[in-house]
Amino acid sequence: MPVVTYEEKEDDQLVTLIVESDRAALEALYGRYSAPIFSLAMNMLRDQGAEEEVTQDVFFNVWRRASSYREQRGKVTSWLFSIAHHRSIDEVRRRRRQQTHVQFGVDLSNKPSTDGVDPVEYATSQSDRGHLDRGLSRLRPEQRDVVVLAYFKGLTHTEIAKQLDQPLRMVKTRMRLALRKMREVLGPEVWESAEHGL
Amino acid sequence: MDCKEAENLYEFYILGALDSEGRDLMDSHLETCDACNERLQQGGETMVRLAYAVPQLAVSERVQQALFSRVDADLQPSRRVGLGTRLAILWKGTGRTLATSPGVAAASVLLVALVFGGLWFDSRMNLVSTENEALRVRLESVNQSLSARLESVIERDTELVQMVAAQQDLAYEALRFNTQSVSLLRGQGTMWKARGMMMVSPSEPRAVLLTVNLPPLPDDKAYQVWLISGGRVYDGGLFKVDSTGFGKAVIISDVPFSEIEALGITVEPAGGSHGPTGANVLKGDL
Numbered sequence: 001m002p003v004v005t006y007e008e009k010e011d012d013q014l015v016t017l018i019v020e021s022d023r024a025a026l027e028a029l030y031g032r033y034s035a036p037i038f039s040l041a042m043n044m045l046r047d048q049g050a051e052e053e054v055t056q057d058v059f060f061n062v063w064r065r066a067s068s069y070r071e072q073r074g075k076v077t078s079w080l081f082s083i084a085h086h087r088s089i090d091e092v093r094r095r096r097r098q099q100t101h102v103q104f105g106v107d108l109s110n111k112p113s114t115d116g117v118d119p120v121e122y123a124t125s126q127s128d129r130g131h132l133d134r135g136l137s138r139l140r141p142e143q144r145d146v147v148v149l150a151y152f153k154g155l156t157h158t159e160i161a162k163q164l165d166q167p168l169r170m171v172k173t174r175m176r177l178a179l180r181k182m183r184e185v186l187g188p189e190v191w192e193s194a195e196h197g198l
Numbered sequence: 001m002d003c004k005e006a007e008n009l010y011e012f013y014i015l016g017a018l019d020s021e022g023r024d025l026m027d028s029h030l031e032t033c034d035a036c037n038e039r040l041q042q043g044g045e046t047m048v049r050l051a052y053a054v055p056q057l058a059v060s061e062r063v064q065q066a067l068f069s070r071v072d073a074d075l076q077p078s079r080r081v082g083l084g085t086r087l088a089i090l091w092k093g094t095g096r097t098l099a100t101s102p103g104v105a106a107a108s109v110l111l112v113a114l115v116f117g118g119l120w121f122d123s124r125m126n127l128v129s130t131e132n133e134a135l136r137v138r139l140e141s142v143n144q145s146l147s148a149r150l151e152s153v154i155e156r157d158t159e160l161v162q163m164v165a166a167q168q169d170l171a172y173e174a175l176r177f178n179t180q181s182v183s184l185l186r187g188q189g190t191m192w193k194a195r196g197m198m199m200v201s202p203s204e205p206r207a208v209l210l211t212v213n214l215p216p217l218p219d220d221k222a223y224q225v226w227l228i229s230g231g232r233v234y235d236g237g238l239f240k241v242d243s244t245g246f247g248k249a250v251i252i253s254d255v256p257f258s259e260i261e262a263l264g265i266t267v268e269p270a271g272g273s274h275g276p277t278g279a280n281v282l283k284g285d286l
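Protein chains in written order, with the working numbering: chain A, 1 to 198; chain C, 1 to 286.
One or more of the hints may lead you astray.
To be verified - Restricting the straight-line Cα-Cα distance to at most 30 Å, the calculated cross-link-like pairs of lysine-lysine (BS3-like) are:
#1 C/K248 - C/K221
#2 A/K181 - C/K4
#3 A/K153 - C/K248
#4 A/K181 - A/K162
#5 A/K162 - C/K4
#6 A/K75 - C/K221
#7 A/K9 - A/K75
#8 A/K75 - A/K181
#9 C/K221 - C/K193
#10 C/K240 - C/K221
#11 C/K4 - A/K153
#12 A/K153 - A/K172
#13 A/K172 - C/K240
What the hints assert, rightly or not - Just the calculated beta-carbon pair ranges, DEER-fashion:
#14 A/R180 - C/D27: 37 to 47 Å
#15 C/G275 - A/R46: 28 to 38 Å
#16 C/V115 - A/D90: 43 to 53 Å
#17 C/E140 - A/V4: 32 to 42 Å
I should point out that these hints are in silico values taken from the structure, not numbers from a laboratory.
Even for Gly, the Cβ is constructed at its ideal location relative to N, Cα and C.
Could you put together the complete structure from these sequences and hints?
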């Protein structure tokens, strides 16, 4: 019987081995997903030290809590990226609580951030910055706003409703429609091009 | 939390828009509810695709080193034989002898006490050693992480000082003009270091635009100004920056500046475009 290396094992097999404290299984999982998780954290935090710490924490969390993964929750990637996203959001929110807008006596914030409807970005219909902009540009502006504010900026649903001056049920509806649209536009080619460095 | 309450929060949970308390309640519910887990599966997969859609970067090796130092430290205590196991092995061997002879029994009790004491001490030393090693590894990991963050902070501080100097240059230029209003522009995306200022003339339908920290463009590209009013976009003209990243342009608008709501600058072909097509580099509200 041919020996299956760790790199050839499925994700759920690796997680099962990690539950049994198999270090090599964690190495294989790390090799597979550390880059996209790091990239996600970088996109949200823009601070290399913090992103490295977040990436480390995510996989150590997997090491400690591998037994909490259940097949009913979906694929291992969904579970893993959920941990990564939540950890990144926690860091974004922690920084927001500590953030000061005045440094060196110069107000660098210019104006209070209004990351809602942006007339220039709304008018800009095309951009050449990869799958992310292509995916988001296919959303209606109000749907794109809620995705950016929630997924990348870490705002809670009540904060989003307040910032956009919309009722909570409207925010929920826009999120649902955005998720449905993104499922269509972010196809499997996103994965493939990420793996091949395209 | 029951399924009905959870269902109301699906979208917020998938996009990470719940606060910590809400997320914990949802996680607890999902530990036991297969039905809700199945309904969330599609959303979870969509979020994975969204994560892959961001620009992909390489991870430094030090992250892996720090991670597996923690993992190795975490593994250490479980590889040691516990004190209870050692006592059980010892008791099996001496228990039978104690039952047959009082003298031997007394000596054996003393021996057991001595051995017990020695084992206990040995175990404590092992534990202290292991804890020290775990602490050392953890400190090393934290040190590496802090060094990386310090480097990042120093780099950021240097850039901020340069930005302050650039803003001071802008302020000096602004003082030279007689202006009705001044609007500040902020850099976008990768051009976050860029700054701009638009000064509207009080007497003529024109404004002066100054920018700093915009990179010079190749000959086939130019920066184009867009004026936004009433949801429509108007061409504000083209400009280039010099080798230091400083740019200056005069903006003449068909629409009164008092009606202009916002300004944006994008990268366009050298001859300009009819509408914004390129990356947005600077923007501001008027």
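Against the structure, the hints come out as follows:
1. Taking the CA atoms of C/K248 and C/K221, the gap is near 16 Å; set against the 30 Å cutoff, the hint holds.
2. Using a Cα cut-off of 30 Å, the hinted pair A/K181 and C/K4 holds, with the two alpha carbons roughly 24 Å apart.
3. Straight-line distance between C-alpha atoms of A/K153 and C/K248 comes to about 33 Å, which puts the hinted pair past the 30 Å bound.
4. With a C-alpha separation of about 24 Å, the suggested pairing of A/K181 with A/K162 holds against the 30 Å cut-off.
5. Annotation: proposed proximity of A/K162 to C/K4 holds, straight-line Cα distance about 25 Å (limit 30 Å).
6. At roughly 45 Å between alpha-carbon atoms, A/K75 and C/K221 are farther apart than 30 Å, so this suggested pair is violated.
7. In summary, the hint linking A/K9 to A/K75 is supported, as the alpha carbons are separated by about 14 Å, within the 30 Å threshold.
8. For a cut-off of 30 Å, the pair hint linking A/K75 to A/K181 stands: about 21 Å separates their Cα positions.
9. A C-alpha spacing of about 20 Å is found between C/K221 and C/K193, which places the hinted pair at or below 30 Å, so the restraint holds.
10. For the suggested pair C/K240 and C/K221, the alpha carbons sit about 9 Å apart, so the restraint of at most 30 Å is met.
11. With a CA separation close to 28 Å, the supplied pair C/K4 and A/K153 stays within the 30 Å bound.
12. Annotation: proposed proximity of A/K153 to A/K172 holds, straight-line Cα distance about 17 Å (limit 30 Å).
13. Straight-line distance between C-alpha atoms of A/K172 and C/K240 comes to about 44 Å, which puts the hinted pair past the 30 Å bound.
14. The hinted window of 37 to 47 Å between A/R180 and C/D27 is violated, with their beta carbons roughly 24 Å apart.
15. Judged by the Cβ atoms, the range 28 to 38 Å given for C/G275 and A/R46 holds: they are separated by roughly 30 Å.
16. Checking the proposed 43 to 53 Å range against C/V115 and A/D90 shows it holds: the Cβ atoms sit about 50 Å from each other.
17. Checking the proposed 32 to 42 Å range against C/E140 and A/V4 shows it holds: the Cβ atoms sit about 34 Å from each other.
Checked against the numbered hints given earlier, the structure breaks hints 3, 6, 13 and 14 and satisfies all the rest.
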